[in-house]
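**Q** Position chain F against the provided structure of chain A, taking the given hints into account.
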Amino acid sequence: MTMMQKFLGAAATLALSTGAALADPAIIFDLGGKFDKSFNEAAFNGAERWAKETGGKYLEIELQSEAQREQALRRFAEVGANPIVTTGFAMSTPISEVAGDYPDTKFVTIDGYVDAPNVLTIGFTEHEGSFLVGMMAAMASKSNTVGFIGGMDVPLIRKFACGYAQGVKAANPDATVISNMTGTTPSAWNDPVKGGELTRAQISQGADVIYAAAGGTGVGVLQVAADEGILSIGVDSNQNHLHPGKVLTSMLKRVDVAVYNVMSAGDAMETGVITLGLAEKGVDYAMDENNKDLVTPEMQAAVEEAKAKIIAGEIKVQDYGADNACDVLSF
Amino acid sequence: MDFLTVLQVLDSTVRLATPLLLACLAGLFSERAGIFDIGLEGKMLAAAFMSAAIAAVSGSVWLGLLAGIGASLLLSAIHGLASITFRGNQLISGVAINFLAAGLTVVVAQDWFQQGGRTPSLIGGGRFAPIDLPLAKSLQDVPVLGPIYHDLISGHTILVYLAIALVPLSWWALFRTRFGLRLRAVGENPAAVDTAGVSVIGLRYAAVAICGVLCGIAGAYLATALQAGFVKDMTAGRGYIALAALIFAKWRPWYALSATLLFGFLQAIALRYQNIDLGGIVVPVQFMDALPYILTVVILAGFVGKAIPPRAGGEPYVKER
Chain A
1 MTMMQKFLGA
11 AATLALSTGA
21 ALADPAIIFD
31 LGGKFDKSFN
41 EAAFNGAERW
51 AKETGGKYLE
61 IELQSEAQRE
71 QALRRFAEVG
81 ANPIVTTGFA
91 MSTPISEVAG
101 DYPDTKFVTI
111 DGYVDAPNVL
121 TIGFTEHEGS
131 FLVGMMAAMA
141 SKSNTVGFIG
151 GMDVPLIRKF
161 ACGYAQGVKA
171 ANPDATVISN
181 MTGTTPSAWN
191 DPVKGGELTR
201 AQISQGADVI
211 YAAAGGTGVG
221 VLQVAADEGI
231 LSIGVDSNQN
241 HLHPGKVLTS
251 MLKRVDVAVY
261 NVMSAGDAME
271 TGVITLGLAE
281 KGVDYAMDEN
291 NKDLVTPEMQ
301 AAVEEAKAKI
311 IAGEIKVQDY
321 GADNACDVLS
331 F
Chain F
332 MDFLTVLQVL
342 DSTVRLATPL
352 LLACLAGLFS
362 ERAGIFDIGL
372 EGKMLAAAFM
382 SAAIAAVSGS
392 VWLGLLAGIG
402 ASLLLSAIHG
412 LASITFRGNQ
422 LISGVAINFL
432 AAGLTVVVAQ
442 DWFQQGGRTP
452 SLIGGGRFAP
462 IDLPLAKSLQ
472 DVPVLGPIYH
482 DLISGHTILV
492 YLAIALVPLS
502 WWALFRTRFG
512 LRLRAVGENP
522 AAVDTAGVSV
532 IGLRYAAVAI
542 CGVLCGIAGA
552 YLATALQAGF
562 VKDMTAGRGY
572 IALAALIFAK
582 WRPWYALSAT
592 LLFGFLQAIA
602 LRYQNIDLGG
612 IVVPVQFMDA
622 LPYILTVVIL
632 AGFVGKAIPP
642 RAGGEPYVKE
652 R
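These protein sequences, in sequence, are chains A and F.
Counted the way our numbering counts, the first sequence spans residues 1 to 331.
Counted the way our numbering counts, the second sequence spans residues 332 to 652.
Please note: incorrect hints may appear among the correct ones.
[Stated by the list, open to error] Which residues of chain A face chain F? A partial, calculated answer using Cβ under 8 Å: (1) T184; (2) N190; (3) Q223.
FYI, nobody ran anything at the bench for these hints, they're computed from the structure.
Idealized CB from N, CA, C, for every residue including glycine.
Bound conformation, chain A alone (with noise of 0.2 Å):
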């Protein structure tokens, strides 16, 4: 147990002697933690803009451990938190386990997939902005090879992957894209020793444009493209401030505005399945004055063009998460 969950734990328990918690959301960071500047930080900025924005209060904790995810979920089910928030697919089975115990809480697993009357799923088409931001690494390519490092090997990063594969594939037939997952445990997820590494590898392979899906781990393959002097690509927040005009672009998975809604909706929200694409603005690229001199007019228009053909129909970006299979990159 360390020292930052024994003040969440002390926190949550006056929170119950209190009893000020009732009906109060809760949110449940998965083990990346809420500051990994990427996944959870986007649940946490949305949980933050709705306190503020209403002056709500809500519980929170960030997992340490595998083993806490069931107990978290208890316990804030017990002091009566409603709805409870998760961030991360692993939430899944321990919300299906816990959900028919608690009939009339809610429980919302974003990336996760639960079958049940109380509980809401929140997906996102991240193939399709990966696809994106795959189009604009192939275009910026200069060696024509560009790079992919993911976390934790799960089928979710693999949706990214493939995604983005296809994105590069389509703006460049001829171009090479290397894989690598950081390992197959959740420290993957904050390995950033362990992704700059692997982002060495990658560009003595000849990448020269890198994307990162892999939370804290990615900080460090951002960190080592920008000193090799070349270009990467931010995933989940708006990560183009890390390293100003050295991250091409971000891919945004608008996780915050998906814990906002959720949050302002309280105990009231309907449950069910949400999938968030490009046309509800779930998933988009990041364009702000750090990468304005990156992104070319002619990057930008082919990139729109396809969103629109996405948004349309008209482009089907296969996914992985649907059939366990990618044709244009092996694992």
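**A** Here is chain F on its own, set in the frame of chain A:
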């Protein structure tokens, strides 16, 4: 696999093996003196944080390195106090240090920098820069030896060269000096050392302090040379791999070098190739990641030679019973 690829993999091996080597030598000194130390991970983590934090604030990587060593020494002092002076259980003290470091670094980093448990990115003088050895550029075109010298030997940070220099130095200190003889004796038979009129407590504290300094350098290498800043849990189990390497090396400095290079090489291979095709048999990357531990178990089981730990290891010294 062509020559250049081999060089790149070996280059990566050196970078990955350096923190393992430093931590392994740290454990070597401590365990040779009879103090088991599973707190290597925690000390590296604390050092990584302090070195990055001070380097970020002061802009000087050398001040950062000193601060990192200081943080690691402080944890060593706690370990020494608990396990030498108060004769506590060395394993429990080590575990406590790991947890303490994992939690404290994030909390303190959040308090100081408000960046969610990480330090600001280090720039310029806040990082160790790679060193180009003399003549590296001009010899680059010499066949075979040129690229080896330019790509593999030259171009690392000073801490890499320091770590490698520490191997013969440790060997000399442990096996060719009076201090080393006494230090090893304290790990084998402290009563005999005590009878000879030499302070067991003093020697053990000295060993634990050396361990702290080396772990400090290892942590600083992670945060200020390989990366540019601290991220929570950035040691990612390297302290434990170093412990495995220590057993694999049978508590000897030169073996420690080869063991950590081997483990670093396995990691580098795993990073470079996701799956390795060995004439029909595909070796998955997970197997490569697990191989250091498997090899250690094989060594411990006595299949390949025998790994005998220092006899008095783990035992607090009590003068009279």
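**Q** Indicate, hint by hint, whether the structure satisfies it.
**A** Hint-by-hint comparison with the structure:
1. T184: Since the shortest Cβ distance to chain F is 5 Å, the answer is holds.
2. N190: 5 Å, holds
3. Q223: 5 Å, holds
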